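> Here is how the chains run, residue by residue.
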Amino acid sequence: MRASINRPPTPDVDEEKRDEPTLQDIINIKLIESGEKENLKELLRERLIECGWRDELKAQCRALMRKRGRSNTTVDELVRNITPKGRAMVPDDIKAELLQRIQSFLMSVAL
Amino acid sequence: MGSGEAAGIFGDILDAVIVDVASEAHRAARLGFDRRLNTEEEEELRLSAQARAIVGESVANGDTSSKYTIDVFGQLHPAVASEIFECMNCGRPIVAGRFAPHLEKCMGKGRKARIRANANINLSQQRKVRSSPLPSYFPGGPTHTSVSSRTPPTQTSSLTPEDTQKSGLDPNDGTSEESHDDDDKGQRGRIQSGAWQVQTYL
Numbered sequence: 001m002r003a004s005i006n007r008p009p010t011p012d013v014d015e016e017k018r019d020e021p022t023l024q025d026i027i028n029i030k031l032i033e034s035g036e037k038e039n040l041k042e043l044l045r046e047r048l049i050e051c052g053w054r055d056e057l058k059a060q061c062r063a064l065m066r067k068r069g070r071s072n073t074t075v076d077e078l079v080r081n082i083t084p085k086g087r088a089m090v091p092d093d094i095k096a097e098l099l100q101r102i103q104s105f106l107m108s109v110a111l
Numbered sequence: 001m002g003s004g005e006a007a008g009i010f011g012d013i014l015d016a017v018i019v020d021v022a023s024e025a026h027r028a029a030r031l032g033f034d035r036r037l038n039t040e041e042e043e044e045l046r047l048s049a050q051a052r053a054i055v056g057e058s059v060a061n062g063d064t065s066s067k068y069t070i071d072v073f074g075q076l077h078p079a080v081a082s083e084i085f086e087c088m089n090c091g092r093p094i095v096a097g098r099f100a101p102h103l104e105k106c107m108g109k110g111r112k113a114r115i116r117a118n119a120n121i122n123l124s125q126q127r128k129v130r131s132s133p134l135p136s137y138f139p140g141g142p143t144h145t146s147v148s149s150r151t152p153p154t155q156t157s158s159l160t161p162e163d164t165q166k167s168g169l170d171p172n173d174g175t176s177e178e179s180h181d182d183d184d185k186g187q188r189g190r191i192q193s194g195a196w197q198v199q200t201y202l
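Protein chains in written order, with full-length UniProt numbering: chain A, 1 to 111; chain B, 1 to 202.
Chain B extracted, bound-state conformation (with noise of 0.2 Å):
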């Protein structure tokens, strides 16, 4: 038992494998994509041995500090990326060595963007609760419209001023400045979009 059994197997797969590489090759060869089936050995021997001296004499001598990294076809590129694109979540324009500690603060990995997350829904929780109860009780509804419109588009600080007004709730009236007296529905579609409003902060 053992190696002999074993290296048979091995031959086996071994073989397989080889009947891979051959039928490929053939098929690249006979269904014409192959580019390298027409340049001659000795032009691909010269053409690799041609590249690996580019980038074997950049490393050899020593340049591998520098800013710049070559690559096998002789061309050079910068240590930190320099392109500008757009930002898909905000909308500014990004340098690309910048982006991934951007798209942190900007999607809300990091600390600052995790905390005004949580504010956010907190705000937006205490509406809902703080809403849906009441319209049953006065079919008027309190007008919370005030709200959505009194909200102001800088940051976080409009909060406190936001939950003193609600902790002044009166069953009746809430803050109303503006009465109208809206549907349920209505109210509801315009808190939610207060609370849209509140999570577009920047």
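Just chain A, with the same shape it has in the complex (with noise of 0.2 Å):
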């Protein structure tokens, strides 16, 4: 029954510094709940499956995997390696597309 009384404060005092939710997140929720997040990402799967990316990115988990041997590795240090590269290798033309379609479901969401 003591442990209960140590537990920690309830949190009143961080209500303050919440804030409203920002323009990112009300975006973001828009963006989930009208199911058009999940459009996007098996578009932007679909496009950079076509055009190689994420046999090549594959390709670079494994080269690391092989370095660091294959049980050594976390899930964790793959993405660290990985994302800039990913980041990095994702081809103009798809980039455009997928800011295109996201554009145009920011004014149709009328901010």
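Warning: the hint list may mix true and false statements.
Unchecked claim - One-sided and incomplete, this derived list gives chain A residues near chain B with beta-carbon spacing under 8 Å: (1) Ile5; (2) Gln24; (3) Ile26; (4) Ser34; (5) Lys41; (6) Cys61; (7) Leu78; (8) Ile82; (9) Gly86; (10) Met89; (11) Ser108.
Honestly, the hints are just simulated from the structure, not real lab data. Remember, predicted model here, so these are calculated numbers, not experimental data. Note that the Cβ used here is the ideal one computed from N, Cα and C, for glycine as well.
With the hints in hand, could you dock these two chains into one complex?
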């Protein structure tokens, strides 16, 4: 019973720090609720598979795992390692296509 | 508004896709079903370059006009599939390259097949219409069994003799040359089997 007395204070204090949801948050929520985020993700995935980006990135993962030993590498390590490469490898036209779709979504939400 | 957020969102989505790739590669390696993990990198590059070369040289030489297509393993494939198998509809042995046109005729998309199918339907409709009211008036029932037993196993010309027999139908008798006094059910069963026979003409 004593343990319960020592629990951390209820987060009344934090309430003030937390702002109203930012614009970014609102957009994100709308994206997810409408299902558009999922659509965009699928579209991006498809395009990246078509252009071979995914295979290249997987090869990078494999190379890394060969070096560090199969059982040693964690997902985190992999992600940390390949994220900058992955971002750089995205072809420009695919990036443009996705950005355009996001833009039109933002317009349609009429913020 | 606009591009800043859009780029941010794009980054989000891209990150998610990257994590997917990483987790899948990781899982494959950990569970041991990634074959490529073991082959050295240089070997992999060499193999893929080799495969590309095989396809590339046949294209560059203008070989694509020949009857054989060559795939990345160096295997040759003839332009028209030559394997022979059985059609599941009619049971005939068919060359694979000619299967589609055969199915058209066999299954009824083509003109002749459709005409034949319609003729069969009309026939069976006529028989059903003529047979059903009669048994209630004449308990002995007219004997249509001759129709089914007489139908010759050859083609469409058989329809016309049957039609003329039908048109000469008396309420009493129909076309009986055999006179069994069957049940109604028996007759209907037989007529239906007769119709079934007609349908199986080729």
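> All hints, please: hold or fail.
Quick rundown of the hints versus the structure:
At about 41 Å, the closest approach between the beta carbon of Ile5 (chain A) and any beta carbon in chain B exceeds 8 Å, and the interface hint on this residue is violated. With a least beta-carbon distance of about 6 Å to chain B, the hint placing Gln24 (chain A) at the interface is held under the 8 Å criterion. This hint is violated: Ile26 (chain A) has a C-beta 10 Å from the nearest C-beta of chain B, more than the 8 Å allowed. At about 13 Å, the closest approach between the beta carbon of Ser34 (chain A) and any beta carbon in chain B exceeds 8 Å, and the interface hint on this residue is violated.
Hint status for Lys41 (chain A) relative to chain B: holds, with the closest Cβ pair at about 5 Å, below 8 Å. Hint status for Cys61 (chain A): holds, given a least beta-carbon distance of 4 Å to chain B, under 8 Å. The criterion of a C-beta within 8 Å of any C-beta in chain B is met by Leu78 (chain A), whose closest approach is roughly 4 Å, and the hint holds. Because the beta carbon of Ile82 (chain A) sits about 6 Å from the nearest beta carbon in chain B, less than 8 Å, this interface hint is met.
With 8 Å as the threshold, the beta carbon of Gly86 (chain A) comes within range of chain B, its nearest partner Cβ sitting at about 4 Å, so the hint holds. For the restraint placing Met89 (chain A) at the interface with chain B, the shortest Cβ-Cβ distance is roughly 10 Å, beyond the 8 Å limit, so the hint is violated. For the restraint placing Ser108 (chain A) at the interface with chain B, the shortest Cβ-Cβ distance is roughly 13 Å, beyond the 8 Å limit, so the hint is violated.
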